[in-house]
Each structure stands twice: as C-alpha cells, then as structure tokens.
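Chemist: Listed below are the residues making up each chain.
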Amino acid sequence: MFEYIIESLVYPGLVFVIVMIIFTQWLHRKITGRIQYRRGPTYVGPFGLLQPFADFMKLLLKEDVVSKYSVKFLPLIIASLGIGSLAALLVMTPLAFKPLYSGYDVIVFFYLALWASIAVLLMGLATPNPYTSLGVGRYMALIVGSEPAFIASFLVPVIIASKEYSASYSIYLTSLVSDKLWTVDVSSFIAMVIAAIAGFLALMAVLEIKPFDFPEAEGEIYWGLFTEYGGPRLAFIFFILFAERIVLPLIYVLLFLGGSWPVMISQNYILGVVVILIKYLLVFTVLSIIDNVMPRFTPTQALRFLWKYPMVLSFFALIVSLI
Amino acid sequence: MFDLYTIIMWLTGLMVVNGVVIYVLFYELLGRMYWKKLVSPSRIKEDVVMCGLEYSEETLSVPVSRVFMDIIKRSFPRASRIIEEGGGTSLLNNWFAWMLILLAVLLVILVVAGWI
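Same order as they appear, the protein sequences are chains V and U. Mapping of the first sequence onto our numbering: residues 1 to 323, in sequence order. Mapping of the second sequence onto our numbering: residues 1001 to 1116, in sequence order.
Hints may be right or wrong, so weigh each one.
[Unchecked claim] Think about it this way: if two alpha-carbon atoms lie no more than 30 Å apart in a straight line, the pair counts; the simulated DSS-like pairs of lysine-lysine are:
(1) K30(V) with K210(V)
(2) K1073(U) with K210(V)
(3) K308(V) with K163(V)
(4) K210(V) with K58(V)
(5) K68(V) with K1073(U)
(6) K98(V) with K180(V)
(7) K98(V) with K163(V)
(8) K98(V) with K210(V)
(9) K1036(U) with K72(V)
(10) K1036(U) with K62(V)
(11) K58(V) with K72(V)
(12) K1037(U) with K58(V)
(13) K58(V) with K68(V)
(14) K1045(U) with K62(V)
(15) K58(V) with K1045(U)
(16) K72(V) with K1037(U)
(17) K62(V) with K1073(U)
(18) K1037(U) with K68(V)
(19) K1073(U) with K308(V)
(20) K1036(U) with K58(V)
(21) K180(V) with K163(V)
(22) K1073(U) with K72(V)
(23) K58(V) with K30(V)
(24) K30(V) with K62(V)
(25) K62(V) with K72(V)
(26) K1045(U) with K68(V)
Simulated from the structure, these hints should not be mistaken for laboratory data.
Let the hints inform the model, and build the full structure from the sequences given.
Modeler: Listed below in structure tokens is the structure:
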C-alpha cells in the first residue's frame, strides 16, 4: 500500500515531475534562445539549469494578491488537484517500478488527464477580468476542438493491443506491446499511422503549443486566462501547464513510439526507462521547436483546423482499428 | 492487476494525496515561512485596475458562454445558419425521422446480435 503512495509522491510521481519540469523548461528556453539568436539561461546553476527553479521559487515567495471579485480559496484546491492528477497518472505507466493497472484503466487515464484541463478552465473562471473571460471562452472552444480527437486517437493503440495481444484496454499492458502494434497487419498499420499524426496534432492543441495558444494570446488579450494571476497562484498554473507537457508526451511515447523498444522494460528496467526518457526528450524538442517557429491561429482558424483534420483523421483511425 | 473500481479509488486517492502535499508545501508552508510576513494591505491591490482605471464587478462581466458560442458560430457559419434558421429544429421535431433512426438502430442491433 505505502509503495504506491511513495511512487506517486516521489518516482515517477511528484518529485520526478518537478525535476523533469526544471530540466525540460531549461531545454525549452535554450531551444528558444538558439532560435532567436540568444544564449538562453546561463547564470543560475551549472549551464543555467536551475533558472526555471529560481523563477518558480520567485513566484511562490511573492505575496498572494487576489482581487475582491475573485474566488479566493477554490482555485488553489482545484490547481493542487490538477497537478496531483498528472503526478498520479504516471503510476499507471511502465515508468513505475510496481505500476497500478487494471483492465479498462484507459478510462481512468482520460479522466485524470482531463482534470488538468478542467483545472486550468476553472482557474480562469475564478477571476472577473474581461480578458480572462475572453480567454476562458477561447479555452472552452479549444477543449471542444482538441479533446475528442485526443481521446479518439489515443484509444487506437489501446484497441489494437487489446484485440491482438489481450491488453484488456490497459495503458500499462498496451505500453508493453506498443512496438508490435505497427506490424500486426495492414489495417492496424494504417490506423496507427493516421492515429499517430492526429494524436500529435491533438496533443499540440491540448498542450497549447503554437499555433494553438490562442486562449493565452499574450499581447492580444493581455494573457487571456491568466491575466489576473501572479505570485503563488501563477506558479500553480505554470506547474499544471508544464506538468501536462511532461505527462502527455510521455504517454504518446508509450503508446505510439514503441515505449521502451528496442529494450524490454520488463527484463531491463533501468535501460528501458532511459530509452523512454530519451524518446520523450526528442518529442519535447520537436514540440519546443514547433512552439517557437509557428505563428498563432485565430480561434476560428484553430477550431476549423481541429475539426477538419485531427478530428476526422482520429475517428477514421478509430473505425479502422475497430474493424 | 486490480479491478477497475479499485484502481479508480486508488488513483483518485493518490491524486488527493498529491494535491494536499502540493497545497500544504507550496502554499501554506512557504506562505507561513515567507510571504505572509510581507503582506501589506492596500485597496488598490484588491481592485481590478486596467489602463489606470478601477473597475467594478458590474462593468467586468463578460459572459463566457457568449464568447464560446461566437467562436463556434464564426468557425462553422453554414452549420450555425442552418440551426438558427430552423433547418435543424424542423428535423428534430420530425417524429417520422426519429422513428426511422430508431428502426435503423434496432435493425443494426438485431444483425449484430445474430438474430437476423
């Protein structure tokens, strides 16, 4: 019993997520710096590695200022649960030494993953600023456009693994055989290719990677959802957004990119985890480059794009995988 | 391997434990150690100030649902026009169409179940 609590609090849960956030945000800033002909963080810690941690602590140690029209306590609870859901989710993956899994646990995965988006939405709704309301309206449109495609495309490998390898609709059991899903037969290969493309586009939208960052749209609607926030509350929002950028690409690696392949994680745990993390860092680097070089969609353009391409592709892949 | 109900309870419990740890550690504890000692009350801090002007709650209210519906309408102008002009409503009110759909669903279920 206690081992699951330790796993969710330390590795691959909360402490792991915090360490990964610090490292990936450093990487993101370095990539951004290189693309913009700057050096990126260099000052705090070796190679500037601790700069994101210093910025996080700066926000946490600031005075908590809340306007008198805002909801005071609820956003803190919702944000904490949003971060907690993402950290707990990793206990379902092969990264955990003793994972928690069951048949049909993919439902629990979607339920926990959606918690983070709902937390961001409710954080925005808790403040009265008109720019925040514009941001929340835009974020609702983003969720309506991206989540169905995200769920449909991430279901495809789970369905194929359950049909061919008795994975019982479990994220963990699917991750163990995800390298074999591409070569089951022609229809599975087609479904996996289409779902991988649609899933990546939906993932970008869920993570608010450009061109899908219109709910924030800094410079256009100030900072949209987060206009009113500063100090510890803003630190919590960053925590959710950055934890999402750790957990969801990791699940993408486990389901679509073969997990720990070419190493069998059940035989060599440490090497398997290293392979998964290397693959994850490659996906994160690609996402960071896209985030830096793309312009921003207007809400209308983004919604049309999401409904036209990822949504149609993901449902097509879902039908092909079910046949 | 657990059953689904146990795992839902477990993961929801772990989510709450993580949430409580985050709240206590990063908000309450750090607050008591540092920022709660720095608090300096001010009326301006509690007001919403934009472009140097203070705003009240009445002037601030922008209905989120209207923003959302506006984005949806502008994204799919043809579909929203059909719904607004009554094309969709007349179809929804047509009982013959509903019964036709019900019959088709029943036929599909019978075929899938192997009764036909």
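Chemist: None of the hints should be skipped; say for each whether it holds.
Modeler: Status of each hint after checking the structure:
1. K30(V) with K210(V): With a Cα-Cα distance of about 17 Å, the restraint between K30(V) and K210(V) holds, given a limit of 30 Å.
2. K1073(U) with K210(V): Holds. K1073(U) to K210(V) sits at ~23 Å (cutoff 30 Å).
3. K308(V) with K163(V): holds, 29 Å
4. K210(V) with K58(V): At roughly 26 Å apart (the allowed maximum being 30 Å), K58(V) and K210(V) satisfy the hint.
5. K68(V) with K1073(U): violated, 34 Å
6. K98(V) with K180(V): holds, 23 Å
7. K98(V) with K163(V): Holds, because 25 Å separates the two Cα atoms, which is no more than 30 Å.
8. K98(V) with K210(V): violated, 36 Å
9. K1036(U) with K72(V): holds, 15 Å
10. K1036(U) with K62(V): Within the cut-off at roughly 9 Å; holds.
11. K58(V) with K72(V): holds, 21 Å
12. K1037(U) with K58(V): OK: K1037(U) and K58(V) at ~15 Å, within 30 Å.
13. K58(V) with K68(V): Holds: K58(V) and K68(V) sit about 24 Å apart, inside 30 Å.
14. K1045(U) with K62(V): holds, 14 Å
15. K58(V) with K1045(U): holds, 19 Å
16. K72(V) with K1037(U): Since the Cα atoms of K72(V) and K1037(U) sit roughly 19 Å apart, the hinted pair holds (cutoff 30 Å).
17. K62(V) with K1073(U): violated, 41 Å
18. K1037(U) with K68(V): holds, 21 Å
19. K1073(U) with K308(V): It holds: about 15 Å lies between the C-alpha atoms, which stays within 30 Å.
20. K1036(U) with K58(V): holds, 14 Å
21. K180(V) with K163(V): OK: K180(V) and K163(V) at ~13 Å, within 30 Å.
22. K1073(U) with K72(V): Given that 30 Å is the threshold and the Cα spacing comes to 34 Å, the pair is violated.
23. K58(V) with K30(V): holds, 20 Å
24. K30(V) with K62(V): holds, 26 Å
25. K62(V) with K72(V): holds, 16 Å
26. K1045(U) with K68(V): holds, 9 Å
Checked against the numbered hints listed earlier, the structure breaks hints 5, 8, 17, 22; every other hint is satisfied.
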